[in-house]
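Asker: Sequence:
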Amino acid sequence: MNIQASGNLKSTLETLIQMEELEQIVSEFYKLCADTWPVDLQFWTELSDEELEHKRNVAAMYRIVSEKPGQFEKGRPFNIIATQTMITGIRSNIEKLRKGKSAKTTLF
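Residue numbers for the sequence shown follow our numbering, beginning at 26 and rising by one.
Hints are supplied without guarantee of correctness; some may be wrong.
[Claimed, not checked] List time: in silico DSBU-like cross-link candidates among lysine-lysine, alpha-carbon distance up to 35 Å:
hint	residue 1	residue 2
1	K126	K56
2	K56	K80
3	K80	K35
[As the list claims (entries may be wrong)] If you anchor each label on the Cβ, the simulated ranges turn out as follows:
hint	residue 1	residue 2	range
4	E92	G125	41 to 49 Å
5	K121	K35	31 to 39 Å
6	K126	I42	26 to 34 Å
7	A84	G125	32 to 40 Å
8	A84	Q109	12 to 20 Å
9	L66	S117	22 to 30 Å
10	R116	N82	17 to 25 Å
11	K121	Q96	42 to 50 Å
No lab work stands behind these hints: they were computed from the structure.
For every residue, glycine included, the Cβ atom is placed at its ideal position computed from N, Cα and C.
Sequences and hints are given; from them, build the entire structure.
Answerer: Structure (C-alpha cells):
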C-alpha cells in the first residue's frame, strides 16, 4: 500500500520537517564549536557545512515525497521522537557553550 493510501503521508512529511530542523541545529552547534575552539576552525566548519548539505538533501526528499506520494510505501521511517530528543540535546549543548561551559568533556 502506498504511503498516501495508508494514511502515513502526514507523519512522514512531519518527520522530514523535524529531520531538517535537526540538521540545521547540528550545523549551528558546530558553528558555535568553531567559534569556541578556533584552533579547530576548519574541522568544525566542515562539519557544519556537511550538516547543511544533509538539510538540503532532506528538503529534497520532502519535495519528492510530497509531490509524488503514491510512489512511496511505508517502510521503517525515521522516529520523530528520537529526532526531537536529539534536537533538544544539541540545543542544550549550544546553551552550555554560550554560557561559557566550553570544556569539550562537558559536551560530548
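Asker: Each of the hints needs a verdict: does it hold here or not?
Answerer: Here is how each hint holds up against the structure:
1. K126 / K56: holds, 16 Å
2. K56 / K80: holds, 15 Å
3. K80 / K35: Given pair K80, K35 holds - Cα atoms ~19 Å apart, limit 35 Å.
4. E92 / G125: 41 to 49 Å: holds, 46 Å
5. K121 / K35: 31 to 39 Å: Cβ of K121 to Cβ of K35: about 35 Å, so the range 31 to 39 Å holds.
6. K126 / I42: 26 to 34 Å: Cβ of K126 to Cβ of I42: about 30 Å, so the range 26 to 34 Å holds.
7. A84 / G125: 32 to 40 Å: This hint holds: roughly 34 Å between Cβ atoms.
8. A84 / Q109: 12 to 20 Å: Cβ of A84 to Cβ of Q109: about 18 Å, so the range 12 to 20 Å holds.
9. L66 / S117: 22 to 30 Å: holds, 23 Å
10. R116 / N82: 17 to 25 Å: holds, 22 Å
11. K121 / Q96: 42 to 50 Å: Since K121 and Q96 have Cβ atoms about 43 Å apart, the given range 42 to 50 Å holds.
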